[in-house]
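Visitor: Put together the whole structure using the sequences plus the hints.
Each residue of the sequence shown is one higher than the one before, starting from 19 at the first, in the numbering used here.
Just so you know, these hints were derived from the structure itself, not from any lab.
Any given hint might turn out to be false.
[As the list claims (entries may be wrong)] Dumping the calculated BS3-like pairs for lysine-lysine here, alpha-carbon to alpha-carbon at most 27 angstroms:
hint	residue 1	residue 2
1	K47	K181
2	K41	K100
3	K270	K245
4	K181	K41
5	K270	K181
6	K264	K174
7	K47	K245
8	K41	K174
9	K174	K100
10	K277	K245
11	K41	K220
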Amino acid sequence: GPTFVFFIGLEGSGHHLINALMKRSPSQKSLGMRSCAGFKGLHEDILGSMVRPRHKPEHADPSAVFVNATNKLRHIRDTFSKHKDDPNEQLFISINCNGCHKAGLLSYPDFLRPQRELQYVNLHSFYRMCQEAEVNCRHAFIYRDPLQIVRSTTMKRHFNPNKLEAVRLYTLMYQVIHSQLVMFRQYNLGCFGFVDPVGAQKDEDRRRFASLFGWDLSNFTSLINEKVITPSFLTHEQIEELESGKLYEHMKTFKDIHKQVVDYCYETLDAL
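Guide: Here it is in structure tokens:
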């Protein structure tokens with residue numbers, strides 16, 4: 019049956035790219051368009067129970083939201099079983115970044131909302147939902163050069179008031195992500211840096227992603243080359259702008275924990 023996959027990553031790490039890829043994923047398409055309605059409802063419950071408990075009145079009761087999300091996981095699994103010739107076929111289905119319109123991406127943090135430092139998914143609750151629903155669930159980590167994240171989210175799109183606040187927020191988010199990766203290391207499905215200058219060159223990651231979500235490597239390579247320009251390294255001037263003055267120590271910490279998280283993800287994957 020299907021294995022539900024949650025993509026973990028800082029905002030600016032490539033969620034929109036993954037979402038665009040999933041619109042063309044053979045695995046995602048095999049569920050049929052009927053799945054998008056279910057995923058949107060599931061996303062709203064995950065959002066309510068894990069990120070914003072008081073976002074809507076119907077999300078005031080976390081227990082009720084947990085039950086709703088669990089039932090939706092079962093429903094998507096059962097829908098798959100009814101419409102597949104082989105209900106035991108292994109299929110990986112993205113929960114966030116799944117190509118469904120307005121289904122949400124659930125990055126860390128989750129877009130522009132109050133108390134942004136609290137807007138991230140409780141992965142422990144997610145895996146409890148999966149266990150309760152008796153469905154298979156995994157996660158994958160997506161990443162990007164930390165300086166380029168700040169340029170993208172703060173200097174271009176103005177998600178944060180300034181670079182210093184961005185760096186401190188993202189350092190905190192990486193500490194959360196590292197803790198989650200350690201706690202649930204046995205469920206690591208992959209590490210993907212398709213918008214990272216180094217990660218984009220990892221052929222093994224492309225092969226893994228293509229295999230998981232139903233492409234042959236040639237078709238997937240053509241698709242990703244169509245969707246994204248090959249990431250380039252920042253210039254000396256761009257780096258200086260992000261590391262000078264009072265930013266230096268904070269950025270050094272951010273870069274260090276980024277490397278630790280990326281290295282841990284690959285080490286865990288190798289061990290599995």
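Visitor: Each hint should be assessed against the structure and marked as holding or not.
Guide: Going through the hints against the structure:
Straight-line distance between C-alpha atoms of K47 and K181 comes to about 39 angstroms, which puts the hinted pair past the 27 angstroms bound. Taking the CA atoms of K41 and K100, the gap is near 22 angstroms; set against the 27 angstroms cutoff, the hint holds. Taking the CA atoms of K270 and K245, the gap is about 31 angstroms. The hint is violated against a cut of 27 angstroms. For the given pair, K181 sits about 33 angstroms from K41 by alpha-carbon distance, which is inconsistent with the 27 angstroms threshold.
Simply put, K270 and K181 have alpha-carbon atoms about 13 angstroms apart, close enough for the 27 angstroms limit, and the pair holds. Straight-line distance between C-alpha atoms of K264 and K174 comes to about 21 angstroms, which keeps the hinted pair within the 27 angstroms bound. Straight-line distance between C-alpha atoms of K47 and K245 comes to about 18 angstroms, which keeps the hinted pair within the 27 angstroms bound. This hinted pair checks out: K41 and K174 have alpha carbons roughly 26 angstroms apart, not beyond 27 angstroms.
Proximity of K174 to K100 is assessed by CA-CA distance (about 46 angstroms); at most 27 angstroms being required, the pair is judged violated. For the given pair, K277 sits about 26 angstroms from K245 by alpha-carbon distance, which is consistent with the 27 angstroms threshold. With a CA separation close to 23 angstroms, the supplied pair K41 and K220 stays within the 27 angstroms bound.
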